[in-house]
Amino acid sequence: MNPGWTPEPGTPLNAEQVAALVDGTLEGETGQYFEHVRDLESATKSDVVFFRSGPNGIGRAPAQAELEAFQNTAAGLLLVDALTDASGRACIRVANPALAAAKLAQHWESYITETAMGIHPTAVVDKAAKVDISARIGPHCVIAAGAVIGAHANLVSGVHVGEGSRVGDACVLNPGVVLGPRVEMGQKCVVQANTVIGSAGFGYVWSGSEHVHMPQMGGVQIGERVEIGANSCIDAGTFQPTVIGDNCLLDNHVQIGHNSKLGRFVILCGKVGISGSVEIGDGAIFAGSSGAAGHNSIGPGAKIAVKAVVTSNVPAGATYAGNPAVDYGLHQRMQIMLRRMARKKK
Amino acid sequence: MNPGWTPEPGTPLNAEQVAALVDGTLEGETGQYFEHVRDLESATKSDVVFFRSGPNGIGRAPAQAELEAFQNTAAGLLLVDALTDASGRACIRVANPALAAAKLAQHWESYITETAMGIHPTAVVDKAAKVDISARIGPHCVIAAGAVIGAHANLVSGVHVGEGSRVGDACVLNPGVVLGPRVEMGQKCVVQANTVIGSAGFGYVWSGSEHVHMPQMGGVQIGERVEIGANSCIDAGTFQPTVIGDNCLLDNHVQIGHNSKLGRFVILCGKVGISGSVEIGDGAIFAGSSGAAGHNSIGPGAKIAVKAVVTSNVPAGATYAGNPAVDYGLHQRMQIMLRRMARKKK
Amino acid sequence: MNPGWTPEPGTPLNAEQVAALVDGTLEGETGQYFEHVRDLESATKSDVVFFRSGPNGIGRAPAQAELEAFQNTAAGLLLVDALTDASGRACIRVANPALAAAKLAQHWESYITETAMGIHPTAVVDKAAKVDISARIGPHCVIAAGAVIGAHANLVSGVHVGEGSRVGDACVLNPGVVLGPRVEMGQKCVVQANTVIGSAGFGYVWSGSEHVHMPQMGGVQIGERVEIGANSCIDAGTFQPTVIGDNCLLDNHVQIGHNSKLGRFVILCGKVGISGSVEIGDGAIFAGSSGAAGHNSIGPGAKIAVKAVVTSNVPAGATYAGNPAVDYGLHQRMQIMLRRMARKKK
Numbered sequence: 001m002n003p004g005w006t007p008e009p010g011t012p013l014n015a016e017q018v019a020a021l022v023d024g025t026l027e028g029e030t031g032q033y034f035e036h037v038r039d040l041e042s043a044t045k046s047d048v049v050f051f052r053s054g055p056n057g058i059g060r061a062p063a064q065a066e067l068e069a070f071q072n073t074a075a076g077l078l079l080v081d082a083l084t085d086a087s088g089r090a091c092i093r094v095a096n097p098a099l100a101a102a103k104l105a106q107h108w109e110s111y112i113t114e115t116a117m118g119i120h121p122t123a124v125v126d127k128a129a130k131v132d133i134s135a136r137i138g139p140h141c142v143i144a145a146g147a148v149i150g151a152h153a154n155l156v157s158g159v160h161v162g163e164g165s166r167v168g169d170a171c172v173l174n175p176g177v178v179l180g181p182r183v184e185m186g187q188k189c190v191v192q193a194n195t196v197i198g199s200a201g202f203g204y205v206w207s208g209s210e211h212v213h214m215p216q217m218g219g220v221q222i223g224e225r226v227e228i229g230a231n232s233c234i235d236a237g238t239f240q241p242t243v244i245g246d247n248c249l250l251d252n253h254v255q256i257g258h259n260s261k262l263g264r265f266v267i268l269c270g271k272v273g274i275s276g277s278v279e280i281g282d283g284a285i286f287a288g289s290s291g292a293a294g295h296n297s298i299g300p301g302a303k304i305a306v307k308a309v310v311t312s313n314v315p316a317g318a319t320y321a322g323n324p325a326v327d328y329g330l331h332q333r334m335q336i337m338l339r340r341m342a343r344k345k346k
Numbered sequence: 001m002n003p004g005w006t007p008e009p010g011t012p013l014n015a016e017q018v019a020a021l022v023d024g025t026l027e028g029e030t031g032q033y034f035e036h037v038r039d040l041e042s043a044t045k046s047d048v049v050f051f052r053s054g055p056n057g058i059g060r061a062p063a064q065a066e067l068e069a070f071q072n073t074a075a076g077l078l079l080v081d082a083l084t085d086a087s088g089r090a091c092i093r094v095a096n097p098a099l100a101a102a103k104l105a106q107h108w109e110s111y112i113t114e115t116a117m118g119i120h121p122t123a124v125v126d127k128a129a130k131v132d133i134s135a136r137i138g139p140h141c142v143i144a145a146g147a148v149i150g151a152h153a154n155l156v157s158g159v160h161v162g163e164g165s166r167v168g169d170a171c172v173l174n175p176g177v178v179l180g181p182r183v184e185m186g187q188k189c190v191v192q193a194n195t196v197i198g199s200a201g202f203g204y205v206w207s208g209s210e211h212v213h214m215p216q217m218g219g220v221q222i223g224e225r226v227e228i229g230a231n232s233c234i235d236a237g238t239f240q241p242t243v244i245g246d247n248c249l250l251d252n253h254v255q256i257g258h259n260s261k262l263g264r265f266v267i268l269c270g271k272v273g274i275s276g277s278v279e280i281g282d283g284a285i286f287a288g289s290s291g292a293a294g295h296n297s298i299g300p301g302a303k304i305a306v307k308a309v310v311t312s313n314v315p316a317g318a319t320y321a322g323n324p325a326v327d328y329g330l331h332q333r334m335q336i337m338l339r340r341m342a343r344k345k346k
Numbered sequence: 001m002n003p004g005w006t007p008e009p010g011t012p013l014n015a016e017q018v019a020a021l022v023d024g025t026l027e028g029e030t031g032q033y034f035e036h037v038r039d040l041e042s043a044t045k046s047d048v049v050f051f052r053s054g055p056n057g058i059g060r061a062p063a064q065a066e067l068e069a070f071q072n073t074a075a076g077l078l079l080v081d082a083l084t085d086a087s088g089r090a091c092i093r094v095a096n097p098a099l100a101a102a103k104l105a106q107h108w109e110s111y112i113t114e115t116a117m118g119i120h121p122t123a124v125v126d127k128a129a130k131v132d133i134s135a136r137i138g139p140h141c142v143i144a145a146g147a148v149i150g151a152h153a154n155l156v157s158g159v160h161v162g163e164g165s166r167v168g169d170a171c172v173l174n175p176g177v178v179l180g181p182r183v184e185m186g187q188k189c190v191v192q193a194n195t196v197i198g199s200a201g202f203g204y205v206w207s208g209s210e211h212v213h214m215p216q217m218g219g220v221q222i223g224e225r226v227e228i229g230a231n232s233c234i235d236a237g238t239f240q241p242t243v244i245g246d247n248c249l250l251d252n253h254v255q256i257g258h259n260s261k262l263g264r265f266v267i268l269c270g271k272v273g274i275s276g277s278v279e280i281g282d283g284a285i286f287a288g289s290s291g292a293a294g295h296n297s298i299g300p301g302a303k304i305a306v307k308a309v310v311t312s313n314v315p316a317g318a319t320y321a322g323n324p325a326v327d328y329g330l331h332q333r334m335q336i337m338l339r340r341m342a343r344k345k346k
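Chains as they are written, first to last, in the working numbering: chain S, 1 to 346; chain Z, 1 to 346; chain E, 1 to 346.
Keep in mind the hints are simulated off the structure, nothing from the lab. Do not take every clue at face value.
[Stated by the list, open to error] Computed spacing ranges between beta-carbons, pair by pair:
(1) 95(Z) <-> 128(E): 37 to 43 Å
(2) 59(E) <-> 59(Z): 46 to 52 Å
(3) 121(S) <-> 35(Z): 42 to 48 Å
Computed from a predicted structure; not experimentally measured. Cβ coordinates follow ideal geometry from the N, Cα and C atoms, glycine included.
Generate coordinates for the entire structure from the input sequences, incorporating the hints supplied.
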């Protein structure tokens, strides 16, 4: 294979082709063609598995059950790190077996996404919208005036793109995704089903007798390679856009209030709630169901524990927990002390 | 009526027919036909109500106001337990009046679901999908290649069924429900509107410069008679399916992470968040907005209190509360002690 | 301009027209026509900005940076309060500059909502539904039998209105909104995308071997001028409607359980979860991710802090925090005391 060789998506590959795709070194021989990445237990001879003997990305070494599963796997090809004893079986040495498995699985899984180009006859595309000829606009999509859909973008079905919004090249918008007006989305983003981006932010002015809605005119600006889960919500900003930086990962049921700004590589796990006008630095991580109250700033690399509530600024690199969130170590001592006292009283 | 007699759905019933349907004993006489189950206050002579003198399913006996409402109800027919004094009014004695009312209401409410068989002309069904002739595929539904829709299934409108997914007999998928690829759903399940099942799980491998998505190939396996609320999310597993056992009840805004496995009869109330790779035993109950962090195991029959966060394994039958969740009694003592101390300091 | 003058929506306005629209007094002169409300920093000469020198609605006076931004703004017209020194620039004096800005922005933003009347050819409207001739039924909407859609209502796209439901005059239902059967919605309500109203409530009766669903027949009753965010859920009541009073504001991911009743002007911020049979008095406010367990009563004007869990009745006007929620002052003392003790032990 030439350097940079890319196989036709979805096709079976032989061991040499797998090695080229994952940039690894083949040891042993096999004439088999492979079609799936599977787990150690369910793999058969036409499947590839991955295993590492050293600690994985979160520092965990394989348990005894995993070692045994690796010894007993019926997989025809192993993606392994340098330390692993492959016992003479056909294997490919790579620096990061999980990463190699992800790339390989992406090759085989691409078939699952329908790739027929063009606009489905049931889609409703305004004549003042621009859709790239290589994009796919699936059944029952609606594209409003002024919207622009980039090359190889895939709007699977029932997607609504609001007035003047832009969907970058190679984005995937799953069924039922709604983009309001003035949403800008960079290339290679993936949005899961029924997520709403660019809905009017929650901004009102009290008139003395009722709440008057302040139109939210800023839209949403989303960088490149952002992935957003299902049933999430990102509200439009008031005057300036709500911002999601490049390479952010947002899970399901995440809510981002108007005017908040996320840096790059921010991770928000399931059910995280970010109020309005919050700033989050690069690489910060919010664990599941945690959140931040409005107008706070969370420094780069900060970590917020599960169900914690940030109600003040969080320094770069700090780990916070609790409600209201405090330094993680302090929170642990508070909880342990309280438990001990309650047990004594018993 | 013959044993096993079933009336035409939605039709008015006389007292003898109601007694047959709920398997009860009629006392008193009435020539009235009935059309609705209502509450004691709003019922009229063509309505049926239910009442029990003993404690109900959660151990609560009727309050004075309820007793008075029962005395004063204008309902034409009463579903009552053995202890209730019906004061000579037409009544049907049953072991569980609420259960009888539910069955009777199901008979009359069935009309509300459109039952016209067949595929609506606006639906888009791939020629490689199989739809049972008795199923109903409503307006704007999309059925992908390889999908199978069972007998008497009802996809109300705007439902998307992904590639290779199977919807069992007599399932009801409400408007906007999205099933990703590889979702298997047993018979008689009900899914409320805009819920997403089989969306890609939140799994990534860090490459040294970015997060690479690990395709989630395991799909979701849902048992029989499972009911799922609105705007909920169940993510696809990585290699093996995420599993929801028979007879589970999931409320609105529930999130189930990839690779989690729920037993049978598990109840998850509104806004419960279950991370990835969590195991939940038969009959466990999570109260509203509670959740479990990844890779924990919750034993059969365990109860998790409102907004609690499970961060460790929970034994069978235990009740846990707090964040992090601990034994309920301990949590109560912690809170009471803390309150007392704070009040003293005041 | 005559009193009560209303400009054509979306049209540019000169300073005299702006003054008439916001009921203010013009000082200085300008021949400019204006087209947008913007923030101080990004405004140009064809834009209007707003500023107040006194404290705003939440008691905050302008910071130094804001004062400088006001001095330096390039905006061609200023909406200001009586105290502000406009330095001879063209300005309009009003009692509440933010309110004036909201009204003005509403005028210019109205263009964003498509206003073409009539029923889109891809919409499916039952012949037993009634749609006002001035309403707009967008692409792929479904209107069931017996539904009634009021004058100037706008169902943007992919909206489902269930059997017998009524949408009041001038309501806006954004893409993917689902109304179940028996939803009554007063005039001038706005519902953001993918929200579900009138889904079956979470009510079951244990039969001894399984949970039998009690049909939820009460529907939902929504007052006038109610605004509801994206991906929220309001469940149908069992016998009587779940009630949302006039002028309530509900943010994204809000859940309201069956049979709950909200008064008027209630505010529920993002991710608030209200269980079944909860009563909430006029003007009560729930901060983000807070909630109330079933069958509790929250008095008028009560305030519930971020992520608090109400598990008992809350008196009128009280402020509660924590889990379980207690008086806010007590909760603060509990947390501060605990932190001090933990710091000492360190």
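Evaluation of the provided hints:
no., hint, verdict
1, 95(Z) <-> 128(E): 37 to 43 Å, "holds (40 Å)"
2, 59(E) <-> 59(Z): 46 to 52 Å, "holds (48 Å)"
3, 121(S) <-> 35(Z): 42 to 48 Å, "holds (44 Å)"
Consistency note: the structure conflicts with none of the earlier hints.
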